[in-house]
Amino acid sequence: MSSKVNLDVLNRQVAYSGEGISVKSLETEIAKEREVQDTKVDELKGLRERNVEIQGAMADELKKLRKFGDYLSGTATKGGFLAGFKEVLSYIPGLKGLALSQRSIEELLKAQYHLSARRVKDAAEYVDTLKQSEQDLYKEIDRINVKIVEMAKNEREALGYVLELKQAQEALKAEEQAMEAGSVEQRDIQASADKVHAKLAEHSTNVLLYGSAEERYARLKDNTRKLAETIRNLANDIQQYTTAASIKLDMASAQIQAIGRAADASSVMLEMKRSLDVMTESMNVTTQFVSDTQIFFRTNLDTLIKDLDTFDETTTTVLDENLKKSREVEEARIKAAVEKATQRQGAAPAPAAV
Amino acid sequence: MSIVALHTQALVSPEADVYLDLLGRALQAARLNNSFPDRRPLQNTLDTLRDALRLGVYGELYVDARAGLPNLASLTRVRTDHEVATESLARMGARAPLEARREEAEVFARLAAKHAYFERLQKLELAPVDHHRVLLRRHDPGTGTAAFRIELTKLDASGVYLRLLIELTQVSSLWRRKVIDLDEDGETAAANEAFRSTVYRCADLDAETLFVRLHGIEGVRVERVARGIIGPALFSLPAGAGVMVRRTAEAPNDALGQAWHAWSLGAGAAETERPELLVAFATDAAAGDIREEKSNDPLSPLLALRLAPAEAARYRSLRERYPFKVFKDRKFVATPGLKAVAQAVCDAAGTRNILYDLRTG
Numbered sequence: 003m004s005s006k007v008n009l010d011v012l013n014r015q016v017a018y019s020g021e022g023i024s025v026k027s028l029e030t031e032i033a034k035e036r037e038v039q040d041t042k043v044d045e046l047k048g049l050r051e052r053n054v055e056i057q058g059a060m061a062d063e064l065k066k067l068r069k070f071g072d073y074l075s076g077t078a079t080k081g082g083f084l085a086g087f088k089e090v091l092s093y094i095p096g097l098k099g100l101a102l103s104q105r106s107i108e109e110l111l112k113a114q115y116h117l118s119a120r121r122v123k124d125a126a127e128y129v130d131t132l133k134q135s136e137q138d139l140y141k142e143i144d145r146i147n148v149k150i151v152e153m154a155k156n157e158r159e160a161l162g163y164v165l166e167l168k169q170a171q172e173a174l175k176a177e178e179q180a181m182e183a184g185s186v187e188q189r190d191i192q193a194s195a196d197k198v199h200a201k202l203a204e205h206s207t208n209v210l211l212y213g214s215a216e217e218r219y220a221r222l223k224d225n226t227r228k229l230a231e232t233i234r235n236l237a238n239d240i241q242q243y244t245t246a247a248s249i250k251l252d253m254a255s256a257q258i259q260a261i262g263r264a265a266d267a268s269s270v271m272l273e274m275k276r277s278l279d280v281m282t283e284s285m286n287v288t289t290q291f292v293s294d295t296q297i298f299f300r301t302n303l304d305t306l307i308k309d310l311d312t313f314d315e316t317t318t319t320v321l322d323e324n325l326k327k328s329r330e331v332e333e334a335r336i337k338a339a340v341e342k343a344t345q346r347q348g349a350a351p352a353p354a355a356v
Numbered sequence: 015m016s017i018v019a020l021h022t023q024a025l026v027s028p029e030a031d032v033y034l035d036l037l038g039r040a041l042q043a044a045r046l047n048n049s050f051p052d053r054r055p056l057q058n059t060l061d062t063l064r065d066a067l068r069l070g071v072y073g074e075l076y077v078d079a080r081a082g083l084p085n086l087a088s089l090t091r092v093r094t095d096h097e098v099a100t101e102s103l104a105r106m107g108a109r110a111p112l113e114a115r116r117e118e119a120e121v122f123a124r125l126a127a128k129h130a131y132f133e134r135l136q137k138l139e140l141a142p143v144d145h146h147r148v149l150l151r152r153h154d155p156g157t158g159t160a161a162f163r164i165e166l167t168k169l170d171a172s173g174v175y176l177r178l179l180i181e182l183t184q185v186s187s188l189w190r191r192k193v194i195d196l197d198e199d200g201e202t203a204a205a206n207e208a209f210r211s212t213v214y215r216c217a218d219l220d221a222e223t224l225f226v227r228l229h230g231i232e233g234v235r236v237e238r239v240a241r242g243i244i245g246p247a248l249f250s251l252p253a254g255a256g257v258m259v260r261r262t263a264e265a266p267n268d269a270l271g272q273a274w275h276a277w278s279l280g281a282g283a284a285e286t287e288r289p290e291l292l293v294a295f296a297t298d299a300a301a302g303d304i305r306e307e308k309s310n311d312p313l314s315p316l317l318a319l320r321l322a323p324a325e326a327a328r329y330r331s332l333r334e335r336y337p338f339k340v341f342k343d344r345k346f347v348a349t350p351g352l353k354a355v356a357q358a359v360c361d362a363a364g365t366r367n368i369l370y371d372l373r374t375g
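Respectively, the protein sequence lines represent chains E and P.
Numbered by the working numbering, the letters in the first sequence go through residues 3 to 356 in order.
Numbered by the working numbering, the letters in the second sequence go through residues 15 to 375 in order.
Derived by calculation from the structure, the hints in this document are not laboratory data.
Glycine is no exception: its CB is placed at the ideal position from the N, C-alpha and C atoms.
Misleading hints may appear alongside valid ones.
Just some of the chain E residues that point at chain P, by a computed CB distance under 8 Å [to be verified]:
| hint | residue |
| --- | --- |
| 1 | S106 |
| 2 | E109 |
| 3 | E127 |
| 4 | E204 |
| 5 | T207 |
Which chain P residues stay away from chain E? Per the calculated CB distances, all over 10 Å, these [stated by the list, open to error]:
| hint | residue |
| --- | --- |
| 6 | R45 |
| 7 | R64 |
| 8 | A87 |
| 9 | T90 |
| 10 | D95 |
| 11 | V121 |
| 12 | P155 |
| 13 | E237 |
| 14 | A263 |
| 15 | G280 |
| 16 | S309 |
| 17 | R320 |
| 18 | Y336 |
| 19 | P350 |
| 20 | D371 |
With the sequences and hints as input, model every part of the structure.
Next comes the structure, spelled out in structure tokens:
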């Protein structure tokens with residue numbers, strides 16, 4: 003006589019979606035997903051190095067423009083007028099050692115304008131790269147979400163099956179107790195119980211693995227989202243700075259072209275000084291951006307890179323702090339704008355009574 | 015008024031596109047010889063600017079409000095784009111994946127457009143803002159005599175685009191500072207900085223004034239000074255269903271500018287909803303081999319005719335020392351609505367000038 007317990011559960015196919023799971027396959031899958039983040043972090047590393055280069059070049063050009071400006075405003079008198087001007091000329095590429103009377107200032111300004119415009123363009127080109135990275139990361143989040151849902155479903159499936167197995171196990175246990183010890187029936191029930199136990203062990207492991215996978219993917223998603231937001235904020239800041247610098251340069255070009263040939267005459271030195279001031283301003287704006295981003299990288303990226311590898315609490319804290327600061331800045335901006343709007347509204351004359 | 019900065023006018027699409035198309039076709043119609051800046055690079059620059067506007071790389075086109083031509087910012091924009099194109103393309107990767115993700119986010123559509131823009135741009139030779147060349151024509155080491163041609167292409171401070179060509183012979187001697195240095199092989203030449211700057215600074219002077227100025231330099235015999243000038247361009251572009259019109263905002267105050275101003279206020283302009291463009295192309299040469307001294311330029315009489323009597327006498331005596339003659343000419347390219355303006359200016363000055371047709375639409 004065989005067991006009266008319904009053992010169909012042993013033959014049921016459990017419908018897990020995706021490929022089977024093991025500790026090794028889970029690690030491989032997670033590592034694959036993390037590769038995307040690592041690539042983005044590598045891109046940020048490259049950006050940091052390029053940033054340092056641009057900062058060096060900009061600082062150098064800013065120095066030249068300041069010297070040029072000081073010379074024109076008459077504040078650079080050390081070593082005499084001619085010596086000062088020669089020093090200024092020596093900063094411009096290809097013009098080392100030329101005498102005062104030998105150079106067209108119009109030509110110098112146009113050459114410097116070209117260099118400055120190129121520098122701003124170099125910086126601005128990174129905006130699209132960062133925005134592309136941001137989109138890549140959001141796409142990655144979509145992919146991780148699919149995984150999370152899959153893991154959650156599989157965990158639910160495993161849990162349901164484990165419960166069924168548990169019920170079968172308990173029923174077999176109860177049935178076994180009613181049988182004569184050592185009887186054929188008891189042995190038969192024990193054999194079934196062993197099979198149930200083996201299945202229970204297998205699918206309990208699945209419960210743990212799928213549960214763990216779901217949690218790990220969720221953490222991965224959280225960090226990916228934070229990285230995407232960090233990149234978006236950086237791209238927005240770069241865009242803001244380079245747009246401002248570009249507008250200033252456009253104004254400078256108009257002034258350089260307008261003063262034209264007259265730039266070589268001393269009577270228009272003041273005009274030229276203004277033109278240079280506009281250029282200096284643009285370089286200031288851009289240099290400030292580079293400095294700011296460099297500080298950002300210096301203070302955050304190393305930690306970011308290190309901690310992203312381990313996904314520990316420090317990473318989360320760093321990103322949280324970073325985003326918190328960004329949000330604070332954003333909120334302060336909004337608050338300032340609202341205050342200004344409120345003030346304007348208050349200052350406006352009251353509408354005439356009808 | 016579309017003035018956005020000093021002497022700077024901003025045009026946006028679709029007017030900017032129409033303007034660049036007309037200007038490009040005007041350059042072709044003008045049949046420019048080598049007295050003028052090279053047409054092909056300038057054409058490439060106009061096409062690139064058009065491309066950049068169409069693809070949304072730039073939102074506006076900056077035009078010199080006096081000369082009606084793309085200004086320093088516009089020329090520099092595409093030149094710096096050309097410089098960063100290769101590196102940017104390498105960073106962007108292939109265009110196909112960007113195109114495939116076009117619907118995913120705005121950045122991919124923009125990058126795909128930029129990719130196409132950079133791809134086309136990197137193969138082109140663009141118009142320079144300034145370009146200086148010294149070419150050796152003849153060299154006789156025995157007598158230390160060398161003949162050179164100096165070419166300067168320049169976006170002038172007045173907004174016009176010009177080429178200055180100087181042919182001169184230099185006799186080298188130990189005690190004299192040379193204006194042009196030959197390398198040891200006697201094959202390549204470079205103007206010294208002082209001479210180079212003199213040429214650069216004086217590029218906007220009349221050919222005859224420049225001829226006299228350079229002839230004064232010791233050890234140099236000037237044979238020819240020639241200038242070819244593109245501009246000004248006077249345009250009228252319907253905007254906003256023909257209700258508004260964008261025009262050259264600060265047209266020069268010469269006979270052409272005044273005639274243009276009168277036209278723009280008159281019935282002729284009011285009746286037309288077509289885009290109109292008139293471009294001037296002037297040449298101005300001073301050389302020993304010119305047969306007859308004459309100005310066929312309705313906007314620029316000979317220098318001798320513009321001087322006060324006392325100065326004219328001094329100038330005559332100066333000219334006797336330098337045997338050269340001057341010839342000035344100017345041709346025009348105009349759309350149908352503006353042909354009469356150019357013709358009236360020529361008639362008033364008593365000159366007979368070539369007037370090429372430029373068809374619209």
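Here's how the hints hold up against the structure:
1. S106: 5 Å, holds
2. E109: 6 Å, holds
3. E127: Holds. Min distance 5 Å.
4. E204: Status violated, d = 41 Å.
5. T207: 39 Å, violated
6. R45: Non-interface label stands for R45/P: nearest chain E Cβ at 28 Å, farther than 10 Å.
7. R64: About 19 Å separates R64/P from the closest Cβ of chain E, which puts it past 10 Å; holds.
8. A87: A87/P is in fact no farther than 10 Å from some Cβ atom of chain E, at 4 Å.
9. T90: 5 Å, violated
10. D95: 7 Å, violated
11. V121: With a cut-off of 10 Å, V121/P comes too close to chain E, as the shortest Cβ separation is near 4 Å.
12. P155: Nearest chain E Cβ is 28 Å from P155/P, so the label holds.
13. E237: 24 Å, holds
14. A263: 13 Å, holds
15. G280: 30 Å, holds
16. S309: Its Cβ never comes within 10 Å of chain E, the nearest being 23 Å, so this holds.
17. R320: Per Cβ check, R320/P is outside 10 Å of chain E; nearest 19 Å; holds.
18. Y336: Y336/P is indeed farther than 10 Å from all Cβ atoms of chain E, at 24 Å.
19. P350: 32 Å, holds
20. D371: D371/P clear of chain E: closest Cβ-Cβ about 31 Å, beyond 10 Å.
In summary, the numbered hints that this structure violates are 4, 5, 8, 9, 10, 11.
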